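**Q** Produce the complete structure using the sequences and hints provided.
In order, the protein sequences belong to chains B and F.
The letter at position 70 of the first sequence is residue 70 when you use my numbering, and the numbering goes up by one with no holes.
The letter at position 245 of the second sequence is residue 245 when you use my numbering, and the numbering goes up by one with no holes.
Derived from the structure by calculation, the hints contain no laboratory data.
Given the structure is predicted, the values throughout are model-derived calculations rather than measurements.
There may be inaccurate statements among the hints.
Which copy is meant is left open, so a pair is good if it fits within one copy or across any two.
[To be verified] Here are the simulated DSBU-like cross-link-like pairs (lysine-lysine), alpha carbons at most 35 Å apart as the crow flies: (1) K406 with K34; (2) K398 with K470; (3) K465 with K377; (4) K252 with K398; (5) K377 with K313; (6) K434 with K350; (7) K350 with K406; (8) K51 with K104; (9) K398 with K474.
Each chain is listed here by its residues.
Number of protein chains: 2
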Amino acid sequence: MVKSRLTFPQEKTKLFYLRRQILNWIEMDVLLKKVLSEVKPSKAEKTRLGKVAGKLLQRVNEVCKELDVYAHGMLVGSAARGTWLRSERDIDIFILFPERLSRKKLEEKGLAIARKVAGKVRKEQFAEHPYIKTRMGGFDVDLVPCYDVSNPAQIKSAVDRSPHHQRYISSRLTSELRDQVLLLKQFMMGTGVYGSDLKTQGFSGYLCELLTLQYGSFKRVIGAANHWELGEVIDPEKAYSIEGEARELFPKDPLIVIDPVDPGRNVAAALSLQNFATFVRASQDFLRKPDFRFFTPRKPRVLTPQEIRGLIKKRGTKIFSISFTTPDVVPDMLYPQLLKTKRALMAQLKDAGFRVLRSGIWANNKSVILLELSISKLPNVHARVGPPLQVDADDFVKKHLTSRRKLAGPFIDDDGRLLFEVERGYTEAKPILKWALTQRVAFGKHVARSISKGYMIHEGEEIIKLCKNKEFTKFLSEYLTLRLPWYR
Amino acid sequence: MVKSRLTFPQEKTKLFYLRRQILNWIEMDVLLKKVLSEVKPSKAEKTRLGKVAGKLLQRVNEVCKELDVYAHGMLVGSAARGTWLRSERDIDIFILFPERLSRKKLEEKGLAIARKVAGKVRKEQFAEHPYIKTRMGGFDVDLVPCYDVSNPAQIKSAVDRSPHHQRYISSRLTSELRDQVLLLKQFMMGTGVYGSDLKTQGFSGYLCELLTLQYGSFKRVIGAANHWELGEVIDPEKAYSIEGEARELFPKDPLIVIDPVDPGRNVAAALSLQNFATFVRASQDFLRKPDFRFFTPRKPRVLTPQEIRGLIKKRGTKIFSISFTTPDVVPDMLYPQLLKTKRALMAQLKDAGFRVLRSGIWANNKSVILLELSISKLPNVHARVGPPLQVDADDFVKKHLTSRRKLAGPFIDDDGRLLFEVERGYTEAKPILKWALTQRVAFGKHVARSISKGYMIHEGEEIIKLCKNKEFTKFLSEYLTLRLPWYR
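**A** Set out below in structure tokens:
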């Protein structure tokens with residue numbers, strides 16, 4: 001009797017967890033059905049996209065003939081594979097040219113065709129090479145000239161890979177798997193990690209498709225991601241005999257997904273450590289308690305200036321904003337440059353003895369770099385640590401012994417280190433920032449040029465002056481109330 | 001011709017250094033002779049000490065007979081070995097009792113003999129067991145009862161080892177080696193690392209003797225110390241077959257000198273990392289440029305209150321002093337307790353987010369703990385880092401999500417860490433200090449008791465109020481102008 005009593009609570013616990021898990025899985029299935037019904041395009045929507053895409057392809061091929069160019073159109077991307085979400089309204093048409101054509105000719109003829117297809121509503125974009133954006137039938141259309149390369153390991157430009165991706169994925173996706181891709185993409189959207197552009201640094205649609213193919217279903221992807229560790233390797237076509245080989249090729253990437261059409265490429269190359277960890281945590285939390293919130297992007301409330309002032313005050317930190325005119329480059333050039341510039345400023349502040357608590361970047365026509373320091377004033381005294389015991393310290397001592405900045409030293413501290421105490425050059429953060437913005441060492445190139453033409457520094461509550469811009473207010477509100485999107 | 005020209009400067013450099021080195025060694029020999037002539041006691045001084053010591057020994061043996069005690073006196077220490085500096089005026093007489101005597105009886109009879117020998121001018125001291133201090137003929141005399149233990153590995157108290165040290169050293173020291181010991185001891189004095197008491201935490205006289213025996217001369221000790229690394233092992237009698245074995249026994253000690261009369265003991269056990277490194281640096285600097293300063297203790301100038309105020313201001317730090325009545329214990333108990341208390345306070349401040357730049361302790365009838373912080377106010381926001389990616393974060397999230405102190409989070413930072421930002425309990429250092437002085441966790445026992453009866457905190461320039469005490473002013477002056485003693 002006593003024994004049964006003693007084991008009873010354990011049994012209950014086991015049963016309790018088993019029951020909860022079963023309930024979770026039932027609940028999850030109901031939830032996923034509901035999500036799918038909301039995000040999967042209707043038959044009518046599919047038909048409409050099919051019609052628009054067909055018309056575009058036909059037009060591309062006609063124009064090729066008209067201009068007497070040996071080329072043809074190809075529908076690629078999620079529209080081609082039936083893996084587009086209702087909220088996505090993109091059609092990607094690639095114009096494939098023979099490999100022997102010179103790059104100059106390809107660009108010239110490619111653009112000529114694309115311009116004629118697009119008509120007047122068009123925007124010319126310059127990524128690795130130029131392409132045309134237009135709108136048709138309510139869809140955003142990209143017209144991208146590229147080479148029809150037979151061996152994808154010998155592409156001339158990143159866009160030449162897309163036709164190969166297209167062939168690889170579409171030959172493997174079943175109707176059931178397409179639904180699973182939609183769920184995964186929507187989960188990525190809801191948790192804020194969808195998009196491989198260099199602003200987002202998240203998961204691309206192609207990556208979602210590969211993950212679904214690899215694991216077989218949305219639930220299995222989440223189940224696997226739950227256990228992912230840094231440097232996780234996924235190699236669909238077993239291009240490398242051992243995992244370590246693949247990891248060595250991409251030592252800094254948190255997730256390594258070997259491109260099945262080009263084993264020298266990591267499909268997840270753009271994924272940041274932050275977004276990798278966010279996806280793993282999202283998977284862990286979702287498995288613990290499935291919820292609709294994981295599929296709906298969080299829209300943080302925009303704070304009033306009073307609320308912003310209150311929160312800045314409450315944090316008790318020193319926030320600086322550096323604002324300047326956004327240089328005229330594409331987002332995939334702008335955001336890496338802003339990040340690089342932010343990191344350069346952080347390094348300068350760190351070298352000077354300051355600690356950056358948090359930071360952020362934001363841009364539309366203005367760009368803003370936000371740097372939040374725990375303190376903005378350091379003591380005048382600054383410890384200079386000499387070489388370790390077995391290294392000659394003569395030069396170190398000579399340099400500081402007669403320095404006018406010397407306060408004390410040389411002496412040896414409790415840890416046996418040789419030290420001088422010298423006066424700090426700058427004790428405040430603002431002059432250091434200003435100096436760094438004059439030197440512009442390790443800044444992004446176009447950002448540096450823009451900053452050289454002028455910038456503003458705001459400090460603390462002054463930053464509210466930038467809130468005349470509503471988009472910035474949104475960004476600052478999110479910064480101050482930051483949380484993972486599935487925690488509402 | 002061209003070739004000769006090219007090699008000429010190199011040859012010159014080689015020659016230059018060789019010449020400098022030779023000059024250094026000649027210079028060094030001249031210097032050492034001069035030092036020796038100043039620190040070595042004259043024949044007259046030696047005779048005087050011999051007379052006083054002889055008289056004391058005779059008196060001890062007489063008293064033993066008078067009181068009918070089976071015991072005898074023995075002269076130990078530097079006086080017995082002719083390794084005393086002119087500035088040292090200590091005579092150590094040990095009273096040796098048979099092993100079979102109970103400890104209680106030894107203390108009782110030992111003190112009775114010592115009291116009778118000392119007469120009226122005496123002070124009773126309580127270390128591991130009691131002994132008597134007196135003065136005779138201008139010398140400080142210690143009368144120490146101990147056991148005459150045949151096997152030094154089986155001693156009953158630390159003092160029982162001294163007769164064995166006495167026999168070991170005196171049987172090995174030649175007249176020439178005695179001079180070398182004097183030079184080493186004076187060098188230790190001049191560089192501030194002489195004395196194995198727990199205030200100094202430096203090198204004992206016995207240690208100086210062992211080092212001289214080991215290496216053969218003062219110059220060779222310095223030449224060896226020049227290359228010493230942390231965890232250096234010296235094992236005169238090769239008690240351990242491999243160095244690693246000895247190091248494992250004393251893993252935290254910077255220098256390990258195996259006691260030739262007791263291999264389980266590190267003679268350098270009291271040596272702090274700071275003093276170890278100071279001696280190594282002193283050796284390096286001395287070899288580079290021999291100078292008389294290495295043998296003469298630095299007497300730092302005592303600053304005026306105005307100068308002190310100026311320097312405190314110039315440092316731009318936040319200095320706190322905690323002062324209280326010194327507990328009535330021997331220095332070898334007091335200083336470790338003060339250090340322990342200082343470390344406990346530093347740990348509390350560090351836990352709260354503050355950085356202690358430098359610190360110090362001082363005592364006579366008052367005790368002072370000095371703590372110098374780089375800043376005294378922290379921002380209100382405080383980052384709480386969650387578990388690593390593969391560890392369940394449910395409890396961490398639950399704990400902070402509903403906390404009233406939450407400012408932002410959970411979110412994932414650039415480094416992939418899960419974070420909450422919460423309000424800090426205390427943002428100022430003083431309340432934390434006050435709280436720690438109320439809790440008194442990990443304080444020295446007697447120090448804690450004294451602090452519980454009352455203490456004062458002074459901050460910044462207020463500390464000058466403590467300068468009514470001239471000795472404290474000296475300490476504070478040295479603290480503010482701290483430098484290695486051979487840098488004048």
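**Q** Against which earlier hints does the structure fall short, listed by number upward?
**A** none
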